[in-house]
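The residues making up each chain are set out below.
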Amino acid sequence: MVDTTNKKKITDEELIAQFQNGDQKAFDIIVGRYKDPLINFIYHFLGDRIDAEDVVQETFLRVYRNKHLYRNIAKFSTWIYTIASNLAKTELRRRRRRRLLPLSQIGFDDKDFELPDEEMQTPEGIVDSEMHNQIIQHEIDALPVKFKEVVVLRDVQEFSYEEISQILGIPIGTVKSRVNRGRLRLQKKLKHLLEQD
Amino acid sequence: MSHCERFKEKLFKFLDNELEGAAKEEVLQHLQSCSACEAFYRQMHSLKQRLHDMKPVKTPVSFQIVLRERIRREKAHRKGIGLSYPPVSRIWVPAIAVTALVLIAALFLFRSFLPFNLHESGIDMSLLVPKEGDGIRIHYVIDDIDASDFHEQYPSDSFPIALKDSLFVDDSFSTVHELYQPVRF
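Sequence order for the protein chains is A and B. Using the working numbering, the letters of the first sequence correspond one by one to residues 270 to 466. Using the working numbering, the letters of the second sequence correspond one by one to residues 8 to 192.
It is possible that some hints are incorrect.
[Said to hold, decoys possible] The calculated lysine to any residue pairs, modelled on SDA-like cross-linking and capped at a C-alpha distance of 25 Å, are: (1) B:LYS55 with A:VAL425; (2) A:LYS445 with B:ALA46; (3) A:LYS336 with B:HIS84; (4) A:LYS336 with A:THR347; (5) A:LYS336 with B:LYS55; (6) A:LYS457 with B:TYR48; (7) A:LYS460 with B:LYS20.
These aren't lab readings, by the way, just hints derived from the structure by calculation.
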């Protein structure tokens with residue numbers, strides 16, 4: 270059983286080991302620890318709140334079902350982010366196959382598809398940080414997947430290059446190259462915003 | 008490629024705090040002397056900061072409740088599957104059908120190489136033709152045919168015709184095939 274009175278923080282690897290031995294409380298703690306970081310990552314990756322919640326739910330379901338597959342070779346965080354990342358990419362592929370609705374058919378009260386109107390797009394009009402975030406998120410959404418995933422993991426989630434390399438299963442050099450190229454693309458698109466700083 | 012283009016690689020490392028000592032100093036000096044690179048660096052630094060400062064998204068209050076419910080349903084579904092899985096009609100019937108077909112096909116092919124067994128041939132026995140050879144007296148059972156017609160087709164020196172009520176000498180018709188070509192009509 271997980272000892273909740275012990276002040277020393279129990280590691281993720283210890284928690285998953287206890288869950289593998291049948292301790293349900295350990296799984297609840299894992300969920301508590303990772304639900305917000307994961308949804309933050311997935312939301313910035315997919316750009317959609319509802320889809321992000323579904324993906325994170327499915328991530329935890331996969332952890333629940335396949336707990337026996339985790340081996341203490343890699344960090345638990347690497348494992349769970351790998352699952353989440355793969356599910357997010359699956360969702361993106363699924364979206365591409367779906368018939369896309371033109372934005373004009375989506376109500377403007379739909380928060381996920383809200384875009385700033387033309388007046389607000391000029392540098393002089395942009396003062397709201399929430400609006401800035403929406404603009405930045407819009408440009409992140411427009412990035413190719415291979416750049417988007419590394420930029421979000423590196424600059425939003427602040428993973429190290431080594432961790433990103435393990436999560437995505439690509440060499441560190443490739444991670445660094447894609448991060449830089451992703452940043453360059455964002456810099457070009459967001460120049461008017463960045464020049465204000 | 009311009010000097011500044013080549014410098015971008017180092018700028019990215021500088022941005023990620025991966026440079027130390029002389030390499031770091033070199034970048035700092037370049038930034039002080041090159042306004043274009045300095046502007047570029049400022050924008051990249053600003054971008055990195057804005058990405059870092061993006062308002063974090065959190066799960067709704069109901070998230071864990073929903074997750075627990077999904078796990079509970081999945082457990083119940085799996086348990087249900089355990090009781091009635093696999094459905095007989097879906098797996099076993101086709102499996103049995105396929106196995107039966109394979110066996111029948113195999114038997115059919117096998118039988119074609121088997122000696123012709125007159126006992127099971129279903130041929131109507133109305134004429135017995137004894138054949139002697141190597142000390143073995145064997146009777147052929149031929150389909151309903153007139154003796155004279157049979158004699159026309161099979162000359163008496165190869166297939167001597169016996170009386171209709173001749174007795175079987177050898178019931179093991181497999182030996183018939185080994186020694187003689189079965190007669191079919």
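Status of each hint after checking the structure:
Restraint check for LYS55 (chain B) and VAL425 (chain A): the C-alpha separation of about 8 Å stays at or below 25 Å, so the hint holds. This hinted pair checks out: LYS445 (chain A) and ALA46 (chain B) have alpha carbons roughly 22 Å apart, not beyond 25 Å. Among the hinted pairs, LYS336 (chain A) with HIS84 (chain B) is consistent with the structure: their alpha-carbon atoms are about 19 Å apart, no more than 25 Å. As the CA atoms of LYS336 (chain A) and THR347 (chain A) are separated by approximately 14 Å, the hinted pair is consistent with the 25 Å bound.
Between the alpha carbons of LYS336 (chain A) and LYS55 (chain B) the distance comes to roughly 36 Å, so the proposed pair goes past 25 Å and is violated. The straight-line distance between the Cα atoms of LYS457 (chain A) and TYR48 (chain B) is roughly 13 Å, inside the 25 Å bound, and the hint therefore holds. The straight-line distance between the Cα atoms of LYS460 (chain A) and LYS20 (chain B) is roughly 21 Å, inside the 25 Å bound, and the hint therefore holds.
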